[in-house]
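Go by the hints and put chains B and C onto chain A.
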Amino acid sequence: MSEGPYTHQAADTAYHFVKSALAKGHEVPRVFFYHDGVNVSSRLSVPPQDERHIQKNWSELAQEHGIDLVVCIAAAQRRGLLDANEAERQGKDANNIAEGFRISGLGQLIEMGIQTDRLVTFGD
Amino acid sequence: MSNIKKFLYVNRKAPYGTIYALESLEVVLIGAAFDQDVSLAFLDDGVFQLTKGQDTGAIGVKNFSPTFRALGDYDVTKLFVERESLEERGLSEGDLQEIVYEDEDDDWAEKPSIKIVSRAEMADIMSGQDVVLSF
Amino acid sequence: MSTLHTVNKSPFTNGALLSCLKHCKPGDAVLLIEDGVYGALAGSSVAGAVSDSLEDVTLYVLGGDASARGLDDGKVLSGAKTVGYDGFVDLVVDHARTQAWL
Numbered sequence: 003m004s005e006g007p008y009t010h011q012a013a014d015t016a017y018h019f020v021k022s023a024l025a026k027g028h029e030v031p032r033v034f035f036y037h038d039g040v041n042v043s044s045r046l047s048v049p050p051q052d053e054r055h056i057q058k059n060w061s062e063l064a065q066e067h068g069i070d071l072v073v074c075i076a077a078a079q080r081r082g083l084l085d086a087n088e089a090e091r092q093g094k095d096a097n098n099i100a101e102g103f104r105i106s107g108l109g110q111l112i113e114m115g116i117q118t119d120r121l122v123t124f125g126d
Numbered sequence: 014m015s016n017i018k019k020f021l022y023v024n025r026k027a028p029y030g031t032i033y034a035l036e037s038l039e040v041v042l043i044g045a046a047f048d049q050d051v052s053l054a055f056l057d058d059g060v061f062q063l064t065k066g067q068d069t070g071a072i073g074v075k076n077f078s079p080t081f082r083a084l085g086d087y088d089v090t091k092l093f094v095e096r097e098s099l100e101e102r103g104l105s106e107g108d109l110q111e112i113v114y115e116d117e118d119d120d121w122a123e124k125p126s127i128k129i130v131s132r133a134e135m136a137d138i139m140s141g142q143d144v145v146l147s148f
Numbered sequence: 003m004s005t006l007h008t009v010n011k012s013p014f015t016n017g018a019l020l021s022c023l024k025h026c027k028p029g030d031a032v033l034l035i036e037d038g039v040y041g042a043l044a045g046s047s048v049a050g051a052v053s054d055s056l057e058d059v060t061l062y063v064l065g066g067d068a069s070a071r072g073l074d075d076g077k078v079l080s081g082a083k084t085v086g087y088d089g090f091v092d093l094v095v096d097h098a099r100t101q102a103w104l
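Residue numbers (this note's numbering), protein chains in the order written: chain A, 3 to 126; chain B, 14 to 148; chain C, 3 to 104.
One chain only, chain A, in its complex shape (with noise of 0.2 Å):
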């Protein structure tokens, strides 16, 4: 997942994707997002509560179905997004990744192309 959410549309066409493809059982082990998809997992995320609320539309689906939600740890840092652990390594007041995401490297991502039978693009 390569865009970041709002913007564009990449980030909501992953999800119905990646529900379409576990309602129809199959496994999705994870999601990696890179580039400014990164952004999509900011839980400082408040849309009005008429629109989608596509971080939290993640991480409810990461939650329920087990899917590893990995933010690219370079792509993260350089748009100021930390977790915990990051954020007290790097000497900053706050940090903002939503539950069910973690960050980690872009081995990660190429992992799931040794791995997995199919992996899909979206992005810009």
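The calculated DSS-like cross-link candidates involving lysine-lysine, where the alpha carbons are at most 25 Å apart (straight line), are:
no., chain 1, residue 1, chain 2, residue 2
1, C, Lys24, B, Lys26
2, B, Lys91, B, Lys19
3, B, Lys18, B, Lys91
4, B, Lys26, B, Lys128
5, B, Lys75, B, Lys26
6, B, Lys124, B, Lys65
7, B, Lys18, C, Lys27
8, B, Lys18, B, Lys124
9, C, Lys83, A, Lys21
10, C, Lys24, B, Lys91
11, B, Lys19, B, Lys128
12, C, Lys27, B, Lys128
13, A, Lys26, C, Lys83
14, B, Lys19, C, Lys27
15, B, Lys128, C, Lys24
16, B, Lys26, C, Lys27
17, C, Lys77, C, Lys24
18, B, Lys91, C, Lys27
19, C, Lys24, B, Lys19
20, B, Lys128, B, Lys18
Simulated from the structure, these hints should not be mistaken for laboratory data.
Then chains B and C, alone, in the frame of chain A:
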């Protein structure tokens, strides 16, 4: 059973205007540690990533074009550049930086990493992959 | 085995669709999603190029994206097939690899 998969990194975007080219290269560098069969494809505006003479001093952004020349050290030695994409942009192979690797199977002879291919050959390369990562 | 190509850009502002079609192999499928669905418009300036490629390649349109943009079946090239997200998943399964033309 072989665990080696064929990975293709498809680069279709120009550098600097957006971050895709740089962050693609970062994936390639990390991915190199996984000992897979890696190729890079440069087509459409992606061919601009490999041009000579990039100088980013005035825009305050890191010039990452020299990094392509280090790919050989990571055993990334197959950089396919599409001829039609070059021609459409008024470019030829001479406008690209020289990128070489040392072939350990041939007494460490220096060989070019860039291979200019036709659009039809590029389509064949794409269709022969296990995993295609697009940037 | 064949490839599923996804295109999410309008062909009127971006070359992704035409580039994709030039790199398809016989038996491949092209799925138009997001703004890519405009590439299936009948009577457009790219409709000829898209139709010509349909001899070798199957063209799909993500129905939800077409509906959202007011593209009903009457506005879409007759050779294009409409699928839902579940059809998208099946296409990914039915082809050896998926290549996104971002």
